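Novice: In the order they appear, the protein sequences are chains L and F. Be aware that the first sequence starts at 1, since it is given in this note's numbering, and climbs by one per residue. Be aware that the second sequence starts at 1, since it is given in this note's numbering, and climbs by one per residue.
Just so you know, not all the hints are guaranteed correct.
No distinction is drawn between identical chains; accordingly, a pair holds when it is met within one copy or between any pair of copies.
Claimed, not checked - When the alpha-carbon atoms are kept at most 20 angstroms apart in a straight line, the in silico SDA-like pairs for lysine to any residue are as follows:
{"hint": "1", "residue 1": "Lys261", "residue 2": "Asp241"}
{"hint": "2", "residue 1": "Lys261", "residue 2": "Leu272"}
{"hint": "3", "residue 1": "Lys261", "residue 2": "Tyr172"}
{"hint": "4", "residue 1": "Lys261", "residue 2": "Ala103"}
{"hint": "5", "residue 1": "Lys261", "residue 2": "Ala99"}
{"hint": "6", "residue 1": "Lys261", "residue 2": "His171"}
Please keep in mind that the hints were generated in silico from the structure rather than gathered at the bench. Values in this document were obtained by computation on a predicted structure and should not be read as measured data.
The residues making up each chain are set out below.
Protein chains: 2
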Amino acid sequence: MTNNTKAYAATSPDSGLAPFSFDRRALRPDDVAIEIDYCGVCHTDIHFVQNDWGMTQYPVVPGHEIIGRVTAVGPEVSGFQVGDVVGVGCMVDSCRSCAACEAGLEQYCLEGSTLTYNGEDRHDQSITYCGYSSRVVVSDRFVVNVPDKLDPSAAAPLLCAGITTYSPLRHYGVSKGHKVGVVGMGGLGHMGVKFARALGAEVTLFTRSEAKVREARKQGADHVVVSTDESQMEAAAESLDFILDTVPVQHDLNPYLNCLKYDGTHIIVGLLDPIEPPVEAGALVFKRRVLAGSLIGGMPET
Amino acid sequence: MTNNTKAYAATSPDSGLAPFSFDRRALRPDDVAIEIDYCGVCHTDIHFVQNDWGMTQYPVVPGHEIIGRVTAVGPEVSGFQVGDVVGVGCMVDSCRSCAACEAGLEQYCLEGSTLTYNGEDRHDQSITYCGYSSRVVVSDRFVVNVPDKLDPSAAAPLLCAGITTYSPLRHYGVSKGHKVGVVGMGGLGHMGVKFARALGAEVTLFTRSEAKVREARKQGADHVVVSTDESQMEAAAESLDFILDTVPVQHDLNPYLNCLKYDGTHIIVGLLDPIEPPVEAGALVFKRRVLAGSLIGGMPET
């Protein structure tokens, strides 16, 4: 599966480590070649390295929160120039012609999008390798410009954690006047609090850990609820319009559903497993509540 | 709890049975007194009689799909006259001042709506008794006119099964061009197929029973999928915009979620129990699908 790639080692000047890398492919007309400067570490990377989801194809080179500089462009590329600071997120290709792709929602491509790593290239069927590396070549549709005012070293997490939380908040129209809960204060939770605030919402952060209360407030949370404290959870009952649930492991959704007003929406962005303990259908029916999922974001949004 | 009511028996001329009844209360200014002609039998009635949900207060007089004739009105009633054919559904009162009531969504009243039977009257705290009876008195806000062109004997189920299926189809904007699945061919399923068709959708009825295929087509279903046949379910994968799930007992939602397109919505209107087997969160996340609940409908809609 790796016959189209050739491994080489490049010494990282900062870490002294020798990052594993693969030669970039020859440029296709719409390709952008990128020298990688920074790459975020997403929990998904760890899942893939450990084969937690049983679908890893080794060797795997993770990393899908990539910031780098353009070193070359294919002849059909008009949006990028050599030297531009750019980013690459979780996808590097999709069918581009289905209803989802035409709507700019490549993450829901009906044929399946090509993942940044451990995906299969649509042209040569090679396996994709990505950010924990020195260089990468990506079709221009899946490359984004990084504005000058963004610190490149801080921008990387926007490409997965950022868009994963921003996309559903926008999709569901979160704005001033809304009350939004964010569950979990990890990488996604940090982003969720900031985006919800930036969109004008009043934000409640739910955390199991008293130790995170201060951090949550520092990130802009208006309220913090320690979710292991039943009295705090009861006090939050039927108070929220939206909940952005970033927790990636099984947890009881029912106490959070109870915090939604009627017509409220609970959006799962972290969990992929069976929902256990089971959701009470009555909690949805009696209040016309919605339990939704959302996956990263499309390229126009990113 | 029943000191404001007095039981009496009235002989039913049709059935020969002696229906249990309670004297109507003295008319309040906004009250409508109704002589009951027809009453649907809803599965909820059976649940209440059997105390399946552990909340029945005996004696219980079920029936919340009521059609009758107005025999008297209070001095403030302007919308009804003696002799009018009218209906009463699942609610007979609500707080009338919360956000939900002001939006005409009395079923989601923040203080809780007053159920047609086994509810507690907001004024005198008596327990409500309803349709399997001879007479009832209901505040005019919760009485609906039955148009002449509707056969009164057939109209009763519209007041629960009808509005329960109509309301979510309208709320989610089902219209021409949408593909709608209806799960279950009971009382609600019949209504769901008819309403979805009437709204212009292409309708697929899911049933476990080969025996119901013909009935489903007779009711207007464009397609029928026997849900116990895996190949039929696979053929329906990612084909639907909405699913209206009328099944009132635990069942596996995952094969139905798989039949939704990305951004598709599965609406539960029958089930109130914990959702088991558990829903796969990934089925929601990877396709931005929605799992929603819906409860009867508000009075303007009814």
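Novice: Please work out whether the CA atoms of Lys261 and Asp241 approach to 20 angstroms or closer within one copy, between two copies, in both situations, or in neither?
Specialist: within (6 angstroms within a copy, 25 angstroms between copies)
Novice: Checking an output row: Lys261 and Ala103, CA cutoff 20 angstroms. Within, between, both or neither?
Specialist: between (31 angstroms within a copy, 14 angstroms between copies)
Novice: Up to 20 angstroms between alpha-carbons, please classify Lys261 paired with Tyr172: within, between, both or neither.
Specialist: both (15 angstroms within a copy, 18 angstroms between copies)
Novice: Can you tell me if Lys261 and Leu272 fall within 20 angstroms by alpha carbon in one copy, between copies, both or neither?
Specialist: between (25 angstroms within a copy, 18 angstroms between copies)
Novice: Have a look at Lys261 and His171 and pick one of within, between, both or neither, based on CA distance no larger than 20 angstroms.
Specialist: both (19 angstroms within a copy, 17 angstroms between copies)
Novice: How would you classify Lys261 and Ala99 at a CA-CA limit of 20 angstroms: within, between, both, or neither?
Specialist: For Lys261 and Ala99, the Cα distance is within 20 angstroms only across copies (11 angstroms; inside one copy 33 angstroms).
The structure agrees with every numbered hint stated previously.
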